[in-house]
Amino acid sequence: MRTLWRVVRIQLRISLSGAMAYRTDFLVEGAMALAWMALTLLPMFVLYSARDTVAGWDAPSALIVIGYFMMVRAILEGVVSPSLVALVEQIRSGAFDYVLLKPVDAQVLVSMSSFEPWKIFDLLGALAVIVYAFWRRGYGPSAGDAVIGFGLLIAGVLAMYAVWICCAAASFWVVRLDNLTYLLGAVFDVARWPVQVFRGAWRFVFTFLVPVAIMTTYPAMALLGRLDARTIVLVAAGALAMLAASRALWQFAIRNYTSASS
Amino acid sequence: MSFARALRAAPTMLRIGVAETVAYRAEFLVWVLTTTLPLVMLSLWSSVASEGPFKGYSSNDFVAYYLANLICRQLTGTWVGWQISEEIRTGSMAMRLLRPIHPFFAFAFSHIAALPFRSAIALPIAVGLLISSGASSLTTDPAQLGLVLVSIALAWIITFSFLFAIGSLAFFLTKAMALMNLYFGLFSLLSGYLMPLDLLPSWIGRIAAWSPFRFMLSAPVELLVKPMSRGAAAELVGKQALWAVAIVLLAMAVWTRGVKRFEAVGS
Numbered sequence: 539m540r541t542l543w544r545v546v547r548i549q550l551r552i553s554l555s556g557a558m559a560y561r562t563d564f565l566v567e568g569a570m571a572l573a574w575m576a577l578t579l580l581p582m583f584v585l586y587s588a589r590d591t592v593a594g595w596d597a598p599s600a601l602i603v604i605g606y607f608m609m610v611r612a613i614l615e616g617v618v619s620p621s622l623v624a625l626v627e628q629i630r631s632g633a634f635d636y637v638l639l640k641p642v643d644a645q646v647l648v649s650m651s652s653f654e655p656w657k658i659f660d661l662l663g664a665l666a667v668i669v670y671a672f673w674r675r676g677y678g679p680s681a682g683d684a685v686i687g688f689g690l691l692i693a694g695v696l697a698m699y700a701v702w703i704c705c706a707a708a709s710f711w712v713v714r715l716d717n718l719t720y721l722l723g724a725v726f727d728v729a730r731w732p733v734q735v736f737r738g739a740w741r742f743v744f745t746f747l748v749p750v751a752i753m754t755t756y757p758a759m760a761l762l763g764r765l766d767a768r769t770i771v772l773v774a775a776g777a778l779a780m781l782a783a784s785r786a787l788w789q790f791a792i793r794n795y796t797s798a799s800s
Numbered sequence: 005m006s007f008a009r010a011l012r013a014a015p016t017m018l019r020i021g022v023a024e025t026v027a028y029r030a031e032f033l034v035w036v037l038t039t040t041l042p043l044v045m046l047s048l049w050s051s052v053a054s055e056g057p058f059k060g061y062s063s064n065d066f067v068a069y070y071l072a073n074l075i076c077r078q079l080t081g082t083w084v085g086w087q088i089s090e091e092i093r094t095g096s097m098a099m100r101l102l103r104p105i106h107p108f109f110a111f112a113f114s115h116i117a118a119l120p121f122r123s124a125i126a127l128p129i130a131v132g133l134l135i136s137s138g139a140s141s142l143t144t145d146p147a148q149l150g151l152v153l154v155s156i157a158l159a160w161i162i163t164f165s166f167l168f169a170i171g172s173l174a175f176f177l178t179k180a181m182a183l184m185n186l187y188f189g190l191f192s193l194l195s196g197y198l199m200p201l202d203l204l205p206s207w208i209g210r211i212a213a214w215s216p217f218r219f220m221l222s223a224p225v226e227l228l229v230k231p232m233s234r235g236a237a238a239e240l241v242g243k244q245a246l247w248a249v250a251i252v253l254l255a256m257a258v259w260t261r262g263v264k265r266f267e268a269v270g271s
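Residue numbers (my numbering), protein chains in the order written: chain A, 539 to 800; chain B, 5 to 271.
Source of the hints: derived by calculation from the structure; they are not laboratory data.
Please note: incorrect hints may appear among the correct ones.
[Claimed, not checked] Simulated crosslink set (DMTMM-like; lysine to aspartate or glutamate; CA at most 20 Å straight-line):
1) Lys-264/B - Glu-91/B
2) Lys-59/B - Asp-590/A
3) Lys-59/B - Asp-596/A
[Claimed, not checked] Here are a few chain A residues that face chain B, going by a calculated C-beta distance under 7 Å:
4) Pro-581
5) Val-584
6) Leu-665
7) Ala-666
8) Leu-718
9) Tyr-720
10) Leu-721
11) Ala-724
12) Val-735
13) Phe-736
14) Arg-737
15) Trp-740
None of these values were measured; they are calculated from a predicted model.
Virtual Cβ for every residue (Gly too), placed ideally from N, Cα, C.
This is chain B alone, in the form it adopts within the complex (with noise of 0.2 Å):
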């Protein structure tokens, strides 16, 4: 129900998203910026390879690695909990309870709008990259690559969803951007962004392989540059649809239990 009119009103909600967008041009840019962290993490581990092959990984299978996560992080990186907790701790939130769709949709739609201007920077560059220095590193298996696409979009909602529901903590919490550090710090580590997770010392490998962090980034990279059979792609698809699912009953449980204590400071 709530979703058909959130269906509804999308088109106008992107197109929100779109003006908002284009009202804080700095901010994004500054976004943009942020997320180029792992370029700087690419020349540290290739002048590290090209010493001799680190544990397996060649100069240029870090060079493949490393731009596939840039491409997969712009497209799936949100702030969202930034935004709610924000919201929360200052009572703009009342606002956005008044109106007749759901603040998840809501935030989505604007976080969807916003995707084309975050990656219209560094997305080109990287992909141009990627196929010109590190295409012996890609996978070449089409059915592979098909389900690249899948795999950023469960990404991107497992990512928002995660973040939505580390935001809504801000309901029961004075200090919800505390947390929101240590989310960073654990996913840098266990989604593979400041490194491949097979590099990782085993038994944190085996912790990141099964946590929620991997499927928000390593799962589509893993993809793009590690040649694996159909059964072993589809299986790691699969898992990652089922922590969509979790992760997103997650966050409402969160948001739904949290909404009815809000007070609404300062309004």
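Chain A on its own, in the form it takes in the complex (with noise of 0.2 Å):
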């Protein structure tokens, strides 16, 4: 455990001494992350212009259930997309062969093995955009809601983190995949919604099959103070049970890896 903690500190020292060569970017990311949030909030924008309430939720709610999004979005662009990049070009080379043989577990290697540190900007925002919602509403959340909002926020980011390591499993039997990060990026870019706006299948598959409800919807109704004990329980029950299977699909992949270079 000690070294694996070692091992991500280092990895991340490296990320940041990488992002601090390029100054300048400083600056572009700051933009780009204030461009994107007005791009993400527009579309609610447009709704809540014509509209009080759309499914029971009125605008500063729903404007916590996008910084909620855009939260775990900046995590899955800081953290997790680079890492899959990375990953899906090593299992191309053949240069995966070298991270197996390291005396570290290979899904903390993989998870971790690149950051993008500007990323914090648009976390910076996602806080923002929460605190001016609550600021909108009048009151802020109880102390009990916000301890149970940042849970599930884990939860949410763990369950993100389990369908990203599937995809990285997949990676191991069809290679070209690069692609993919734009797929998770177009799936989970319907998380901005409220899960309760969408009808029928949709609904359905956005609650259990790709569970971007649990990423930002429920977390969003606990900050409000909205979610009952029992599915409370259910959601960070569900985030772990995703976990857990991605760690098997994981561990199953990685015993039929069979290398490129070899």
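Take the two lone chains and join them into the complex the hints point to.
Have a look at this one:
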């Protein structure tokens, strides 16, 4: 465990010094984060300019879902996607053999292989959106709701990480999946809307098959104090179950790994 | 001169494109899944509109709009920008430069060859749905429907050249990928991919109406679902043709400038 922690810290330091080497990116990424925030908020703005509530969600509450969405997206683009791109490349070129040779769990090495530190701007923007939403509502969350809301944020991040590990495992069989990150991004994009806005088949898909609801809608409802205890437990259990399943799939995939170079 | 040579090589290059497509099946499935985003937006807006028309759009109008959107996007979407910037970054572009055909045509043919495969799954479903459930919101004027085909072809040229230009920026910049993301953000908003342009706040709508993004997707969709006078339809396609010429020239300019700086990293 201590070794794992040290490896992660070193990887982080490498990514950080990589990012510091391109200091002009600091400005570019900051500006991009602002532009993305505007782009993310616009559809919601359009929707609520003509409606007061949609499927039981008023504008400030929906804004909290967007805040969670931006936060999880920042983590997706800051940690998960860069690592996935690196992994796909390693598998294609055969360099993944060297990762397997190292005396550290391959899943940890792969998940932490590359960071985009500048995504911290997006994280700050997301926090600002949530604070603004509560300011619009006129009152903040209770301490208990805040704790549960934060806990479910972690559950949401874990659920997303599980989906990502499944994609990474899939790339052992179908090699050229460079656009997988775009698919992940496109599907995940749905998470900006409260899941109740969707109807019928899509709501089922986004709650159970591709559980984007776990990633944003439920944590936001918890923060708003709208989630009963049973659902909280179910959401947390669902996230953990996904994590366990993805770990099993990863180990199965790695047993079937046939190197590209040998 | 170079154009005639490209034309002569066209059948072979199309065959290569088909072979590439068949070789990377999984990638195609992923791509097809990625382009079905309009279906999600369709679900969203049609459930919003089921409580009453939204800014003049009924539930049925949304169905027609997003299905038309899906069809046009399937036919015009390309990922050439990612390919080019990746090949420049890794240095494998050097191989292409050795060949006697301009990469613009080489990429174009390979993408055209992939088109039937990419649209094989989604297109029949979308067309079927559009005719069965959104027919009342479609245009019926045969001349306007004919223009749709021209407009889709022009939209393809504009999208392809624009992405070709952005991809070529990798000759100058190390982080062209970030630009690509910015492109996609602007495209989703200003091309009508996310939502019909007339739903946007009016000042953004005015920008969108003049931006090239509108002519990458929204123009053929508008021709499909919006009844308009023949004059207006012709004007739309005319503007689109002008944009097509301008952006092809831009792509060529960026490419020729950039290729002089090419250092073929790694080879």
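Does the nearest C-beta of chain B fall within a distance shorter than 7 Å of the C-beta of Tyr-720/A? holds (5 Å)
Per-residue hint verdict: Pro-581/A, partner chain B, C-beta under 7 Å: holds (6 Å)
Interface hint for Trp-740/A, Cβ within 7 Å of any Cβ on chain B: OK, holds: Trp-740/A within 7 Å of chain B, min 4 Å.
Can the hint on Arg-737/A be confirmed by a CB-to-CB distance to chain B that is less than 7 Å? holds (4 Å)
Answer holds if the nearest beta-carbon of chain B is closer than 7 Å to that of Ala-724/A; otherwise answer violated. holds (5 Å)
Does Leu-718/A meet its interface restraint, that is, does its C-beta lie within less than 7 Å of any C-beta in chain B? holds (6 Å)
Taking the least C-beta to C-beta distance, is Val-584/A closer than 7 Å to chain B? With Cβ-Cβ at 6 Å, under 7 Å, it holds.
Would you settle whether the hint for Val-735/A is holds or violated, based on the nearest Cβ-Cβ distance to chain B being less than 7 Å? holds (6 Å)
Supplied contact hint for Leu-665/A, tested at 7 Å Cβ to chain B: Violated: closest Cβ of chain B sits about 21 Å from Leu-665/A, beyond 7 Å.
Hold the hint about Phe-736/A up to the distance rule: shortest CB distance to chain B must be less than 7 Å. Holds: closest Cβ of chain B sits about 5 Å from Phe-736/A, inside 7 Å.
Would you mind confirming whether the straight-line C-alpha gap from Lys-59/B to Asp-596/A stays at or under 20 Å? holds (18 Å)
The hint names Leu-721/A as touching chain B; please verify it with the least Cβ-Cβ distance against 7 Å. holds (5 Å)
The structure fails hints 6, 7 (numbered hints given earlier, in ascending order).
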